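Visitor: Single-letter residue listing:
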Amino acid sequence: MVNCLLCNCRLTQKLTISKIIFPGPLKQPLICPECFRKFIHYSLEESCRGCGREERSELCDDCQKWQQYYGWYLEHRPLFHYNQAMKEFMQKYKFQGQYHLRGIFKETIKETITHIEYDILIPIPVTEHTMLTRGFNQVTGLLGDISYTELIIHQNRQKVAQSKKDRQSRLQTKQPFLLKQGVNLKGKTVLLVDDIYTTGRTLYHAANLCYENGSKRVQSLSLAR
Amino acid sequence: MKINELYGRRVLFPQIDNFPINDSQIQVLPTMKINETSVTCLRCGTATSKTFVALPNYHYYCPRCVTLGRVSTLDKFYHVQEPNQFEPPEQVLTWEGELSQLQAATSAVIKERMNNHCRQLLWAVTGAGKTEMIFAGIAAALKRGERVAIASPRVDVCLELYPRLQAAFANFPIALLHGREPQQYQYRQLTICTTHQLLRFYRAFDNLIVDEVDSFPYAANQALLFATEQAIKEDGSLLFMTATPGKKLIQQIHNKKLMVSYLPLRYHGNLLPQIKLCLAFNWRKGLSKKHLPTSLLREIRNTLNNRYRCLLFVPHIADLQPVLLCLQRFLPDKKFTTVHAADPQRLEKVQAMRDGRYDFLITTSILERGVTFPEIDVFVLGADDQIFSSSALVQIAGRVGRSVSRPTGKVMFWVNSYSRRVREAQRQIAYMNGKGRKLLHG
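First to last, the protein sequences are chains A and B. The numbering of the first sequence is full-length UniProt numbering, which starts it at 1 and goes up by one. The numbering of the second sequence is full-length UniProt numbering, which starts it at 1 and goes up by one.
Note that these hints are calculated values from the structure, not bench results. Among these hints, one or two may not hold up.
What the hints assert, rightly or not - Partial list, computed: chain B residues near chain A (C-beta under 10 Å):
1) 9
2) 11
3) 20
4) 56
5) 57
6) 59
7) 61
8) 72
9) 73
10) 77
11) 80
12) 356
It should be emphasised that the depicted structure is a prediction, and the values quoted were computed from it without experimental measurement. Where a beta carbon is used, it is the ideal one built from N, C-alpha and C, also for glycine.
With the sequences and hints as input, model every part of the structure.
Guide: Okay, here's the thing in structure tokens:
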């Protein structure tokens, strides 16, 4: 018997007749339907072409500013709203370090990624210090068995976590990333993946790095925004 | 960070960072034991399969006690052996109340056993005055310069104990530790904490007292039992207190692993009120049609007409609202409300009941123990529901007749069926009353 990883209630699975007659691989969910219902999907209609924000306008104000600044905007796909349930999940998964929660959104992420065309999937990296205290990169954890290449690394410089800053100081953050030596992105389509999109600063830095190194097109995906 | 924060405790810190204090006393201890296919957390004793909790690069963590900070192989424990660096003041006990003859006798036995560092159980009925009986034992231990802690699974019980103990030991600043509002840890000779906080201690206490051992979440929680053993010094003493010991404790008594003192009479020398049963077939169905059992309505009205107050227990949070609506229709001029564990105004409502601003409360099992309202009656609707264990039912019945001004009262259960748990609760009350009668009449 398995319990829900979030609320610890018992997970019961009804065995249907068709499952008995055509036994396939059993998919055991990790959390209960009540918990899963608390995470709210972004709708695809009537959303900003840039950051995915649910707004009537084609391109929201923030993305227009990014376009003015860089001359292009990032095509971003958020999966879930950053609501109370998602906040609690992030608190448990990322900050308390409960790595076993990583599989909860595996199916949803996989499903979305199969519909995106790309040449290289690059997860946003964590610092070396985080790797030695948290012990994992929360983004690659979410990806599960989807193949990725860690081409972007952190510049070695004292860094304050984005999650500890306010909006203004987030936006003023300098380029924190480097491309690994000898990497060629010429003509490639890149998909960047991060856990949370807040102001877009982090992903725009990473995307800019890709464009500077000759990428044809950069798209991005985040679990929440 | 001060070095005394490490006395008798294990502080978790990343391996790659430099620990803020440098001292030759500090021991660096491992956090986990790595076995062939599993890893064992050395803080809570839980073994987990390696595949479930593997981090990249062959590191592991413990998913069980993660709310107190994650234990992982990336960290180390920093610990200093408990030095008992205390200077007890001249006057230890500032409590001036008096114990009854029976209480005094039990108190002396407990003091003696605490002195000899034994493992013991105080099995005293609800409302026997357990807390006052351990004062003498605690005072003697403090005088000897020993470190003492009182732990309870329930925050409410800790919060109720704190002012009473602080008054009884006015010359000792007491550390109160619980997870609800984290306060700075302080090194004190006397500590009151929830049983979860014991996970942070290591070989710290000469005397550890665990109150309400049979209550959720302590009973049958291996991690907390492990923590209890870890928190006591190797030659330390352990005192369990409860009105309703579970099977495991009783077995330990039979196996002579635990000494026991009984106190079957309340401090005012009266027997426990026995539970009276009423049948209420399909009361939930009636409730959905906005009916409550007539006998229940009659009893509540009688109690209130006699100028007494009462508690009405229901099994689930979902039952609170319909019952409230029914009663509002039936008793429009009375003041009452509902309270449950997740209620944000829980503490205020209970305080208002204490102050007499409510005629009665409709509640779930959160008020089953650790709370005292004088001169009340208790009614339980659906006492045969699975959620009420037999010990919970005995505790609920034990809310009645706790004051000298009204040492008796009514305990009535409305049930669908005569369940094993209800029968067991009645049997336990009868058992203690039998012992009590022997004491009273020889």
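Visitor: All hints are to be evaluated individually against the structure, with a verdict given for each.
Guide: Each hint, compared with the structure:
1. Restraint check, residue 9/B versus chain A: the minimum CB separation of about 20 Å is more than 10 Å; hint violated.
2. Given the 10 Å rule on beta carbons, the hint for residue 11/B is violated: about 15 Å separates it from the nearest Cβ of chain A.
3. Because the smallest distance between the Cβ of residue 20/B and any Cβ of chain A comes to about 15 Å, over 10 Å, the interface hint for this residue is violated.
4. For residue 56/B, the suggested interface contact is upheld, since its CB lies about 5 Å from the closest CB of chain A, less than 10 Å.
5. Of the supplied interface hints, the one on residue 57/B holds, with its beta-carbon coming within about 8 Å of a beta-carbon of chain A, less than 10 Å.
6. This hint holds: residue 59/B has a C-beta 5 Å from the nearest C-beta of chain A, less than the 10 Å allowed.
7. With its C-beta approaching chain A no nearer than about 6 Å, residue 61/B sits inside the 10 Å limit, and its interface hint holds.
8. Taking 10 Å as the C-beta contact cut-off toward chain A, the hint placing residue 72/B at the interface holds, the least distance being around 6 Å.
9. Given the 10 Å rule on beta carbons, the hint for residue 73/B holds: about 8 Å separates it from the nearest Cβ of chain A.
10. Interface restraint check for residue 77/B: the shortest CB-CB distance to chain A comes to about 15 Å, outside 10 Å, so the restraint is violated.
11. About 23 Å separates the beta-carbon of residue 80/B from the nearest beta-carbon of chain A, more than 10 Å, and the hint is not met.
12. Evaluation of the residue 356/B hint against chain A yields a violated restraint, the C-beta minimum of about 37 Å exceeding 10 Å.
The structure shown violates the earlier hints numbered 1, 2, 3, 10, 11 and 12.
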